[in-house]
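K.L.:
On the provided structure of chain E, position chain V as indicated by the hints.
Chain by chain, the residues:
Protein chains: 2
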Amino acid sequence: MSFPELEHFVRVLSSLPGIGSRSARRIAFYLLKSDLRETEDLAETMLDLRRRVRFCSLCGGLSTGDLCTICSDPTRDRSQLCIVEEPSDIFAIEGTGEYKGLYHVLMGALSPLDGIGPEELRIKELAHRLDTERFSEWFVATNPTLEGDATASYLSDRFKRDTIRFTRISHGIPTGTGIEFADKSTLARSIRERKTLS
Amino acid sequence: MSFPELEHFVRVLSSLPGIGSRSARRIAFYLLKSDLRETEDLAETMLDLRRRVRFCSLCGGLSTGDLCTICSDPTRDRSQLCIVEEPSDIFAIEGTGEYKGLYHVLMGALSPLDGIGPEELRIKELAHRLDTERFSEWFVATNPTLEGDATASYLSDRFKRDTIRFTRISHGIPTGTGIEFADKSTLARSIRERKTLS
Numbered sequence: 001m002s003f004p005e006l007e008h009f010v011r012v013l014s015s016l017p018g019i020g021s022r023s024a025r026r027i028a029f030y031l032l033k034s035d036l037r038e039t040e041d042l043a044e045t046m047l048d049l050r051r052r053v054r055f056c057s058l059c060g061g062l063s064t065g066d067l068c069t070i071c072s073d074p075t076r077d078r079s080q081l082c083i084v085e086e087p088s089d090i091f092a093i094e095g096t097g098e099y100k101g102l103y104h105v106l107m108g109a110l111s112p113l114d115g116i117g118p119e120e121l122r123i124k125e126l127a128h129r130l131d132t133e134r135f136s137e138w139f140v141a142t143n144p145t146l147e148g149d150a151t152a153s154y155l156s157d158r159f160k161r162d163t164i165r166f167t168r169i170s171h172g173i174p175t176g177t178g179i180e181f182a183d184k185s186t187l188a189r190s191i192r193e194r195k196t197l198s
Numbered sequence: 001m002s003f004p005e006l007e008h009f010v011r012v013l014s015s016l017p018g019i020g021s022r023s024a025r026r027i028a029f030y031l032l033k034s035d036l037r038e039t040e041d042l043a044e045t046m047l048d049l050r051r052r053v054r055f056c057s058l059c060g061g062l063s064t065g066d067l068c069t070i071c072s073d074p075t076r077d078r079s080q081l082c083i084v085e086e087p088s089d090i091f092a093i094e095g096t097g098e099y100k101g102l103y104h105v106l107m108g109a110l111s112p113l114d115g116i117g118p119e120e121l122r123i124k125e126l127a128h129r130l131d132t133e134r135f136s137e138w139f140v141a142t143n144p145t146l147e148g149d150a151t152a153s154y155l156s157d158r159f160k161r162d163t164i165r166f167t168r169i170s171h172g173i174p175t176g177t178g179i180e181f182a183d184k185s186t187l188a189r190s191i192r193e194r195k196t197l198s
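Protein chains in written order, with the UniProt record's numbering: chain E, 1 to 198; chain V, 1 to 198.
Simulated from the structure, these hints should not be mistaken for laboratory data. Treat each hint with caution, since some may be false.
With a straight-line Cα cutoff of 20 Å, these simulated PhoX-like cross-link-like pairs (lysine-lysine) come out [to be verified]: (1) Lys124/E - Lys33/V; (2) Lys33/E - Lys124/V; (3) Lys124/E - Lys160/E.
A few chain E residues facing chain V, derived, Cβ under 10 Å [stated by the list, open to error]: (4) Tyr30; (5) Ser34; (6) Thr39; (7) Asp41; (8) Arg52; (9) Arg54; (10) Glu180.
Covered, in the sense of this in silico footprint (three residues per stretch, anywhere, with C-beta under 8 Å from a C-beta of chain E), are these stretches of chain V [to be verified]: (11) 20-34; (12) 77-90.
Every value quoted in this text rests on a predicted model; they were computed, and no experiment measured them. Virtual Cβ for every residue (Gly too), placed ideally from N, Cα, C.
Excised from the complex, chain E in its bound form:
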């Protein structure tokens, strides 16, 4: 007695982050009991997201076109660049209303143990932007974790210039967590109190 469709479903679903085989099995039975329409909606929703949303060719944030709404917004302050690990970090920072500059998404943080070095991140693209765009300040908003700290140090060592202010958002965010999950006031304060990298 075996159902290859069920086993395949459990295998595929539990490859997603945060879903184990038990959760996958519960979801399978939930779908089997619900209307076919519900599963069709779910499949359609996934395909819609993947087909319509992409990464901005300049900053790496979410976009529905080649350039995102921030990069193509003439009212943003083009003298400031905020460097984040993930596109979702942009949502968190935008939510504070504290920052009106541009962004650059690294798509991760340095983590030698996981085989993630500078080549695996969008650091070549960052170097190009720092050379070609006219920023007066860059600030690093990587997570206050081991990897985020290592990434901030690496960026400071490599890109620090006398002519440009180079800061990192201040502590105040509890260490060991992701900035994506910080509350707005903590995150707003950490942006206001950003400090020069030593």
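P.N.:
Same frame as chain E, now just chain V:
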């Protein structure tokens, strides 16, 4: 800055059991970073499961046709009926190799607080089978939880006959958990040691 496709995805995905809005968001970014082919496979896998697998019209277990492989297997012992809460419980019991009779899935357990009474379960279908099929023993394998115990009592009160042996799988399964997750030897012993309902 908003992405209706992303918000919709998070809303739809977090309606599934065991997925909160944070997990849904992590899954969204995971899919956005992976190949389109991966999302297409995922959508296809869900639709395949829902379109090809259904519930057996007799026992309520999983099936790819009108009758499941157990109900249509001439070598099964048609004098024994095992009553379970969920289709997944059949997998667990089959896995022990201890039982060769037929099954009946209730699709849940009595839970008045959640509005689940006898009408919400496959009890009418059970009554019909007990009247029309020639069983010499019925045994109840509902979970050792409050709801499973209440369901076993209800079935005993309503269907106990002098002519038919009516049992429930023995304890040995830790109470408060689901039989779906019991280890095989515990579950096998609880089937061997099933006892008459008082």
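K.L.:
Each hint should be assessed against the structure and marked as holding or not.
P.N.:
Verification of the hints:
At roughly 18 Å between alpha-carbon atoms, lysine 124/E and lysine 33/V fall within 20 Å of each other, so this suggested pair holds. The hinted pair formed by lysine 33/E and lysine 124/V meets the criterion: a straight-line CA distance of about 18 Å does not exceed 20 Å. With a C-alpha separation of about 15 Å, the suggested pairing of lysine 124/E with lysine 160/E holds against the 20 Å cut-off. At a threshold of 10 Å, the smallest CB-CB gap from tyrosine 30/E to chain V is about 5 Å, leaving the interface hint in force.
Look at serine 34/E: its Cβ gets to within about 8 Å of chain V, closer than 10 Å, so that hint holds up. The closest approach between the C-beta of threonine 39/E and any C-beta of chain V is roughly 4 Å, which is under the 10 Å cut-off, so the hint is satisfied. A least Cβ separation of about 7 Å between aspartate 41/E and chain V falls short of the 10 Å threshold, and the interface hint therefore holds. With 10 Å as the threshold, the beta carbon of arginine 52/E comes within range of chain V, its nearest partner Cβ sitting at about 5 Å, so the hint holds.
Given the 10 Å rule on beta carbons, the hint for arginine 54/E holds: about 8 Å separates it from the nearest Cβ of chain V. Evaluation of the glutamate 180/E hint against chain V yields a held restraint, the C-beta minimum of about 8 Å falling below 10 Å. Residues of the region 20-34 of chain V with a Cβ under 8 Å from some Cβ of chain E number 11, which satisfies the need for three, so the listed coverage holds. Only residues whose C-beta sits within less than 8 Å of a C-beta in chain E count toward coverage, and the region 77-90 of chain V has 4 of them, enough to reach three; the restraint holds.
Taken one by one, the earlier hints all hold for this structure without exception.
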